[in-house]
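Work the whole structure out from these sequences, hints included.
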Amino acid sequence: MNLMDTKPVTAADYASDQEVRWCPGCGDYAILKVVKNVLAEIARPRDEVVFVSGIGCAARFPYYLSTYGFHTIHGRAAAVATGVKLANPGLDVWVIGGDGDFMSIGGNHTLHALRRNVDLNMLLFNNAIYGLTKGQSSPTSPIGTRSPTTPNGSVEQPVNALAFALGAGAKFVARGADTLQTHLPTVLKRAHENKGASFVEILQNCIVYADGAFGAINDRSESHNATIRLEHGQPMIFGKEEDKGLVWNEKAQEFRAVALADTPEQQLAVHDETNIQRAFALARLEQPDFPVALGVLYASDAPEYAHARGFTAKRKPFDREALKSLL
Amino acid sequence: MNLMDTKPVTAADYASDQEVRWCPGCGDYAILKVVKNVLAEIARPRDEVVFVSGIGCAARFPYYLSTYGFHTIHGRAAAVATGVKLANPGLDVWVIGGDGDFMSIGGNHTLHALRRNVDLNMLLFNNAIYGLTKGQSSPTSPIGTRSPTTPNGSVEQPVNALAFALGAGAKFVARGADTLQTHLPTVLKRAHENKGASFVEILQNCIVYADGAFGAINDRSESHNATIRLEHGQPMIFGKEEDKGLVWNEKAQEFRAVALADTPEQQLAVHDETNIQRAFALARLEQPDFPVALGVLYASDAPEYAHARGFTAKRKPFDREALKSLL
Amino acid sequence: MTTIIDTRPASGAPATVVRFAGDSGDGIQLAGHEFAKSTADAQADFMTFPDYPAEIRAPQGTLFGVSAFQIQFGADDVLTPGDEADVLVAFNPAALITNLQHLKQGGLLVVDESHFDARGLKKAGIESNPLEDGSLGAHQLIRIDIVKRTLEALVSFGLGRKQATRAKNFWALGLVYWLFGRELKSTEAWLEQKFAKDPLTAKANIAALRAGHAHGETMEIAAFADIAGPARPNTAQKAKIISGAHAMALGIAAVAALAERDVLYCSYPITPASSLLHALARLEGGVKTFQAEDEIASACAAIGASYAGSIGITASSGPGLALKTEALGLALTAELPLIAIDVQRAGPSTGMPTKPEQSDLQMAIFGRHGESPLPVLAPSTPADCFSIMVEAAQIAVEAMTPVIVLSDAYLANAASDWIPPDVGALPGIVIPAQDFNGDFQPYARDDATLARPWVPPGTPGLAHRIGGIEKESGSGNISYDPGNHAEMTRLRAEKIDRIAARRPAVELDIACEDADLLVIGWGSTWGAITQAVAELNEEGQKIAHLHLRQLWPLPRGLEELIAKFPVTVTAELNTGQLAALLRSEYLAPIKSISQVTGQPFRVSDLKRNLLARLEN
Amino acid sequence: MTTIIDTRPASGAPATVVRFAGDSGDGIQLAGHEFAKSTADAQADFMTFPDYPAEIRAPQGTLFGVSAFQIQFGADDVLTPGDEADVLVAFNPAALITNLQHLKQGGLLVVDESHFDARGLKKAGIESNPLEDGSLGAHQLIRIDIVKRTLEALVSFGLGRKQATRAKNFWALGLVYWLFGRELKSTEAWLEQKFAKDPLTAKANIAALRAGHAHGETMEIAAFADIAGPARPNTAQKAKIISGAHAMALGIAAVAALAERDVLYCSYPITPASSLLHALARLEGGVKTFQAEDEIASACAAIGASYAGSIGITASSGPGLALKTEALGLALTAELPLIAIDVQRAGPSTGMPTKPEQSDLQMAIFGRHGESPLPVLAPSTPADCFSIMVEAAQIAVEAMTPVIVLSDAYLANAASDWIPPDVGALPGIVIPAQDFNGDFQPYARDDATLARPWVPPGTPGLAHRIGGIEKESGSGNISYDPGNHAEMTRLRAEKIDRIAARRPAVELDIACEDADLLVIGWGSTWGAITQAVAELNEEGQKIAHLHLRQLWPLPRGLEELIAKFPVTVTAELNTGQLAALLRSEYLAPIKSISQVTGQPFRVSDLKRNLLARLEN
Ligand SMILES: Cc1ncc(C[n+]2csc(CCOP(=O)(O)OP(=O)(O)O)c2C)c(N)n1
Ligand SMILES: Cc1ncc(C[n+]2csc(CCOP(=O)(O)OP(=O)(O)O)c2C)c(N)n1
Ligand code: SF4
Ligand code: SF4
Ligand SMILES: [Mg+2]
Ligand SMILES: [Mg+2]
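Chains as they are written, first to last, in the working numbering: chain A, 180 to 506; chain B, 180 to 506; chain C, 114 to 729; chain D, 114 to 729.
No lab work stands behind these hints: they were computed from the structure. Yeah, the Cβ is synthetic: ideal placement off N, Cα and C, and Gly gets one too. Possibly wrong hints are sitting among the right ones.
To be verified - Chain D stretches covered by chain A per the calculated footprint, using a threshold of three residues with CB under 8 Å from any CB of chain A: (1) 400-408; (2) 422-430.
Claimed, not checked - In silico DSSO-like pairs for lysine-lysine, Cα to Cα no more than 30 Å straight-line: (3) C:K677 x C:K704; (4) D:K298 x A:K503; (5) D:K236 x D:K217; (6) A:K215 x C:K236; (7) B:K215 x D:K236; (8) C:K261 x C:K307; (9) C:K353 x B:K495.
Below, the structure is given as structure tokens:
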């Protein structure tokens, strides 16, 4: 296989010839841009990269990339991608879906891909709404969301995608936001490096049906006050002026947000991405009382599924001789 | 409605006329016995109690009770039960299923019933195997399980049902074991009292396909060394001789098992069933290093779904007058 | 002065087709809807069809952002939104070039020329300006800079350019009102009410409307004669404009009222079925709604509701019904009343989600494992979507069976005038009395209907267990007995067959006893087929039309009826699924006129095809 | 001395049916399997069928804990496990009363009387002892206290009572070996090998076997003549005993070897399909297996695998295939090769999971939304389960389509003798060459097959995107164009139709050109129908038999063939689903002999029904 001539160099090389058809101002554009940049940095030949998606606005993603792409059916991308990976573990497989795709109809496949630790880069574009079907509330919509199906405001407790992933046994759990164009690539690169299922929730603004669902988080200028960028081994500091921090309250087993002015730095919690308990607490931090945790919340090594099954390149192909011995 | 004459008094009144057909020695018998006792204690008329199940050995449960019962299809019991509850919130609805039913094919419905907090008593009979279909490994089977589908031992990381439930947003999470005939009723009664989705994992021995999967846990005489019975507000003590305890290691964010002889009682962790962080740690305690946590791991108040939707007895019935005003 | 050609259809009844097309942000659907209302006020008959863009919100001015609205109206029965437009109003280059195909040769073309600059043309992906290059020669072109005129009309309001421009749809509507001699009053009243909190906007829109109307008067074109229908029988009651989706939602509400039972409507969003859930959610509690996590859960929750004594209804489109296949088998063998609605769209797989097709018929009838017969109904018109729900519910509770109702993307979105029924006069949905005299068996059957009793949990003294494993006839206990299974299979099938005996026998929609051809349709194609056959018959042909609303069990008398005609053909938006069914049932050599384009039938195409069949 | 009546079937070829029945813990299946092996060694033809209890492990001695094994063997072709047993060996009261119905009038009944005490009778729920009350009068009863005899025979081994008793199945087997003049050697050798690590057990079982055999010699009954078949063509090769499930698993392995591609076999456990997954998992890597979280995931993972260049296979039973409906639509429109196996069981819903039925045919052919044709095949015999997989794979890769294979619970469990094919001589599965000359289009089609190219990710230079939305012919880009959709719909259908042209034309299984009746069957009923028709023809009737292995597209020549016979009837384990299909396709007045009892056809019932058709 001569892959040299297909080797891409720039982000633009990862663009397909299809016209991008999200609504003007949709957060998906920003994610697409980041993904193309990250792919260019990773620099794997386009032919070895596959994007598998379900159905939804997010799920159109594969059409806009020059890699292999499979736009499947609603909710089943993780299952299809599992088959892709088991068939050819050498491929670089990305799974794209919205909150409906991953957390509603596809919840079961998300769970099982995570617990099996299939080597997939799973990007959940969470816009807290069903975009493509015109704005119904989704399992991540906050209580009170008014939508065509919840005209008086939804009453269902939303699922916290990262808490769910941790409960499901995910070994790599991270969060980013569409507009954070310098932060998001770092998260995606880490996800890509992780061997096994990498679960990344990307907070994505649906400008038409749920504009501002994440408040200041993906407002670039305000974002630092509404989020905390976690870094392994670093104290938990946030705020535009880096003037706030998180302290761990041992008794209540929860974080407390503090002003650095009042708190000595050594009292601040230090991020340990290998600690699942802390990750569970971080995943559940919510606005307005807390900054929303971004970055790699949890990462831990575990055998990747295809590999654990022995489906490696070294696997002896089955042939007529082998068949003969069976019959 | 005259319910007086159907009011049952003893556990036997909750038995149906059907011959019980589990394998001799199956843990399901013990659970059935406990449930009948608990029903007799609750003493709701049989006619107001419904057991909905999926398919599996566990799912045969409704046939053996004299209440209403619906043996549905594999994995969908929670969804059917949600419909039952929304249609008639006055019913006392129990959902029964195995680990295949609840955590494999039905994982998505488990997730959503929990996050919506539908007022269901959901009892997962976890035997870490597919019983009815003759012994395939299940999503709760430990790594290394040899089964007809994993002849060399399974490699999939099992899902921890209670960690999953907590990640899914469950408001009541508890664990019991089939043979613990004095402990299990207390758990079921608490589950029944809770308004909202009550998730109870019952460790159940499948004597045919996964005998001893839970080791000493459901061996009545050894169980106290292998489990810890949590009580709200009480220090975490376990062991046949009540000679061991759990200490919370704040730095590592995990429990440590200690001998009481070496540890002053005030160092022991105290169970707080309202603390979700602690519940997450407790849910993940595993043999042999730790006792498995039994009892109510987590309980917190939250609006019950049918109620939050306004589907109460007070709901005004829709009639011709109302229809007229629409047309 | 340009003279407008007479565009009335050959069939006699004068009917006119108007189409509005513009960017999705231009308020096309709103203007169209107002025009339909004024048509209703004029007592005319009409049918409308929106043509939404596939994209949620495409960039302004692009081809894929074009939204259109078509209405056909006339004094007599109007059965379709029309094949081709007599009048097309286009708001930008993209709207013009994508919609020109819908304009009749020589039709009137009103174009807002304000966006026909280099930028506008580029957005539409064209180089040459169609207004200049002679490509519109076949039509009667009226160029107006509508934006400019609107701004002029609103200059006194002190609005920003952007806000003022927004009124351009009302300016155009005013012009069209003038073309058809319509009154402005009711639209004005509606604007005042709608913008009660923002009187400036109300006034501005009214001013634009009047300005457009006034412009018509000054234009050198002949106005169309307005088409007014005969006064309605009940003149007190205004006709409503009702889409199939809305009618179906009201029908579901009617089920609750007429059965005196709660309805639990369970669904997972999917185009084109979502609008039902939206409409029901807005009804505020008339019907309980449940947005499930997926289609399987939506079917199962509906089953749970039916089990618990409510009427469970679940709805989706093809991909969703496919997912409900297993659950429907449970409802069928548990013998619970349930309605499953499939608003069909073009398949297979994701297919073309916004486009109609009738290709789920075989799945509805045959698409379950095991021997699993159940009734299948299909409404014929938007208004029929109301009645069909009541009928489906009656069948479901009477025979204790799931019922599938097949609508489609066309029927859901098409709208026509509708005089709501007199609620007081509607017969109730009769739930068979449950009377056991101490001898209750969950699978004992009614002698006439073969239905088992419906005894929901909560009923005192009758607690029992049911499930999806084969059940002993009578007791309902699990049974693997070979003879019992054969008997239960027979009973389940006969129970469905007997529904036909209680339902009306077939009756021709267009009777023509000595016809040379019988055309059989079903579902949303009623209007187009009726129109085509009526026109052909007026032209001297002899064609009978039968439209099936009940697809399984097939209605009484169908075999005999088919035998009366020398040739029978079905007309379907699929590859002949009904034809295959009828061939198998009656061994009649039925062929089909089939179309699988994701579009409803055009009357003209149907006529051509029917003629071809007559010639064979 | 009792003389055994000659039990050979009327059709000529001598064949005998033996049935073993006992508690599930009694080692019935093992004894049966050994008997089958000795039958194979005798070069006789045979067919076996296990009759497992529904319960996992019922209490000993109860009715629902009875396990049985039936074998028919003869010198000539043996096509079914037999309607009725000539010899029944029953190990306890429950086994006797549940299995007596399977014993021929006057047949030989060997009963272990050791459990016919009050306790044993009570467990079986009977009051009177059938050995004493004269109820067995119609049969030739041999009462032996087998337990006692076994214990006596093993007394020198010093085993505990419980352990020694376990050898009773071999004692009984020894007796049956004597009845049929069989050699003990190979079973002895097998026992030595099996218990190589536990020679005491091996020896004890051998001693029991010999004791049973010796007992026969001392018994005053005439032994049956042994039935040996003609020497096999290749005497070097021993016949294997193969069940349909095992043959299918080997067929799947063969797909990998013959296509030189990995197979990913994806499934979720379900009776009676699980045994396939078990068998494949044991093959250790010949085929990759994946136990998915549910059936939808199993179908989707198989689709993913096919997309990635492996051959994706997914299997389930009816409820599972129902759940895969939507996913199959994706495979179909993405045009990927895939095999979906449905091991049918009695439905609807959960139905009777362990019982065979052929009632998923219509779901397989019609059960998808949209216009969704795909090929459907069905194997006829256990051995055919091997070949059908290879054929299905060839079709799938050649036409780039999912293929459904319909097996059933009978075929999966029935076993017969099988001489494996010569692997070297098997033709390869040909994957069309992918040769684009720089002009690659994902939806360009091969002129002959209309298949699109299979270009998995990883292929250099050809990255492209596919999906479930309608695609532009050629480019594969999303298209909502009406004409394109019509064309793609046509192409997808014609692609499937053309498969028939490349496949063999129909050929009668039992040719009888001037027959009065043609009976058409499909799937697992081949043996019973062939046997019934052969016997009737020997009795002077004229009946032709056609067995369809290819159910969609229907094979070439079928219409013409049907036209040759005055009457055509199908014989199916459903309510006539194939008949309905043929009626619709050919407008031929085909009726059906149908049975929906969860049981395979009995030859005698079929004969009776066929005769009735001839009389009409
Ligand atoms: C089986 C099935 N059910 C439902 C749909 C309709 N549908 C398409 S996308 C979607 C959800 C979209 O929401 P999300 O996944 O959050 O993606 P977004 O559009 O917000 O990016 C739904 C319900 C479908 N295509 N298929
Ligand atoms: C749709 C469907 N898929 C698969 C099955 C087969 N099946 C029945 S029960 C079961 C799993 C049993 O395991 P579990 O739920 O853990 O219950 P247990 O028998 O162990 O109590 C399976 C796979 C089915 N009946 N329906
Ligand atoms: S609807 Fe929302 S998510 Fe979808 S493209 Fe538009 S802005 Fe983006
Ligand atoms: S198989 Fe296991 S779970 Fe099922 S009844 Fe037997 S012992 Fe119980
Ligand atoms: Mg979304
Ligand atoms: Mg289990």
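Do the hints match the structure? See the list:
1. Check result for the segment 400-408 of chain D against chain A: holds, 6 residues qualifying (beta carbon to beta carbon below 8 Å, three or more required).
2. For the segment 422-430 of chain D, the stated coverage by chain A is satisfied: 3 residues place a CB nearer than 8 Å to a CB of that chain, which reaches the threshold of 3.
3. With a C-alpha separation of about 16 Å, the suggested pairing of C:K677 with C:K704 holds against the 30 Å cut-off.
4. Restraint check for D:K298 and A:K503: the C-alpha separation of about 27 Å stays at or below 30 Å, so the hint holds.
5. Distance hint between D:K236 and D:K217 is fulfilled; the C-alpha atoms sit about 26 Å from each other, no more than 30 Å.
6. Restraint check for A:K215 and C:K236: the C-alpha separation of about 26 Å stays at or below 30 Å, so the hint holds.
7. With a C-alpha separation of about 26 Å, the suggested pair B:K215 and D:K236 falls inside the 30 Å cut-off, and the hint holds.
8. Among the hinted pairs, C:K261 with C:K307 is consistent with the structure: their alpha-carbon atoms are about 25 Å apart, no more than 30 Å.
9. Using a Cα cut-off of 30 Å, the hinted pair C:K353 and B:K495 holds, with the two alpha carbons roughly 27 Å apart.
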